[in-house]
Amino acid sequence: MAAISVHQFAPCITCHAWSPDKSMVAFCPNNNEVHIYKLFEDKWEKVHTLQKHDQIISGIDWSTRTNRIVTASQDRNSYVWNLEGSEWVPTLVILRLNRAALCVQWSPKENKFAVGSGAKTVCVCYYEQENNWWVSKLIRKRHDSSVTSVSWHPNNILLATTSTDGKCRVFSTLIKGVDSKESNGSTSSYSKFGELIIQLDLSLSWAFGVKWSPSGNTLAYVGHNSMIYFVDDVGPSPLAQNVACRDLPLRDVLFVSERMVIGVGFDCTPMVFAADDRGIWSFVRYLGEKKETSSGSKYGSQFSEAFGKFYGQSKHGMNNDSVESSKIRGGVHENCINCIMPLGECGTLIRRFSTSGLDGRVVIWDLEGQQDLLDYM
Amino acid sequence: MAGAEGFVEADNAEAIMIRIEHKTRKIESLLKQYKPVEALRTALEGTHAMTRDERCKSAHWIVVHRALMAIKDVDGMLSSLDSEYYDILMKYLYKGLSTGDRPTCEQCLRIHEKLTERAGFGCILRYLADTLNTV
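Chains as they are written, first to last, in the numbering used here: chain A, 25 to 401; chain B, 2 to 136.
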């Protein structure tokens, strides 16, 4: 069984993040607070409550080297929390947004973070030493609708965003004084902050959950039309692949290796996608069970009722298979999974990851026992 | 499915109408040979070149409808139909369901049930989400 631990923290969780040593988890229980729980032997206990936001917190990220938490909320603000002694002290970041902040992520070097918002803008924030505060630079143009997800390229400069206008875009976030310290020859090729490097128009509906592969060569993002898109060689001539999902749409993805992606969403069970030797991506299997279930048992009791009514109109009767088990596939999560975070790393391979969802559960998964999948990695 | 290609001008529409006429003849002959699955496949082919022109859409629908109503063995049909046709078939099924005509709706409902079993909810989702390439 790939799920090694399940814990019900709250009725509903919007997002979660792990501490650097993975002993503590921070999440928002669908209100304006962040709860931090620590695992003491076998029990989870609440150790901190971060209260500063006025509305639901839509994104949390916890930096691994600098141990800072950044939160983004529907109250249009973002706070950076620093641990001083045993207290988390918030610092307000003035994002200059007039709509909710929807997602946030620390950059790989943790000197910047990006916030996507419903104001069709992306805020890239960096720390100004002289004034001792976080400054926000806005990428105002280009997006036609809410920015649902942001992801940093390993080079700390390129930022990929997805939006409800269906497009995935990659921007340069080169900031003088923050990025140009490194005498890296390649930074000169990204000329300006906010420059659009590439725009991918593959999805016909909302796009979510963009992530870069560990090397930064491949992008993956999902569309609300039950598709997942893989783009190789992101640049002037990208290679895009559309993979259709069998069932309900995904919400977030995670690269566990260069050639394997875990997708999570409304099916309540993680889905594994992998690329073969030719680089062609396809769906491998669900993580909740070893093989595909027969078509009958996948309908939960609610579905079977609805389908029964629908097909009952036809004189030729109902599909009897659909009244079978009422268990939703997998059974670990009972509602949409909307957040997936990496947990254990060995080099660039991620063996463990965690998922949280609208059912308020945080589930830890381990790929160690999944031999067929390990062959892909 | 590329949305941009959907914009067709008047002359292109004429070309599409001619192609549809050819298809109709081919489908009639296939049906006479009791090959309803090939007929459906022929009908569904080429509708990928989506058009905004209402006449073309109606003509396409008439052709597909003819092939759909001729299907007796739904399971057999779905087994031999390539999965690339599932999404477009789903769109036409919903078009059929929207006509309200009793025999059409019954047939479409019958096929819908089996197609959903085969293709999954994703197929329905892709129909719902695609507001650009409508049939």
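Treat the hints with care, as some may be off.
What the hints assert, rightly or not - Calculated pairs, EDC-like style, for lysine to aspartate or glutamate (alpha carbon to alpha carbon, straight line, at most 16 angstroms):
#1 A:62 / A:45
#2 A:76 / A:65
#3 B:36 / B:76
#4 A:333 / B:107
#5 B:27 / B:46
#6 A:333 / B:114
#7 A:165 / A:189
#8 A:191 / B:131
#9 B:96 / B:55
None of these hints come from the bench; they were simulated from the model. Computed from a prediction, not measured in an experiment: that's the story for all the values here.
What hints, given by number in increasing order, does this structure fail? Hint check: 2 fails alone, others pass.
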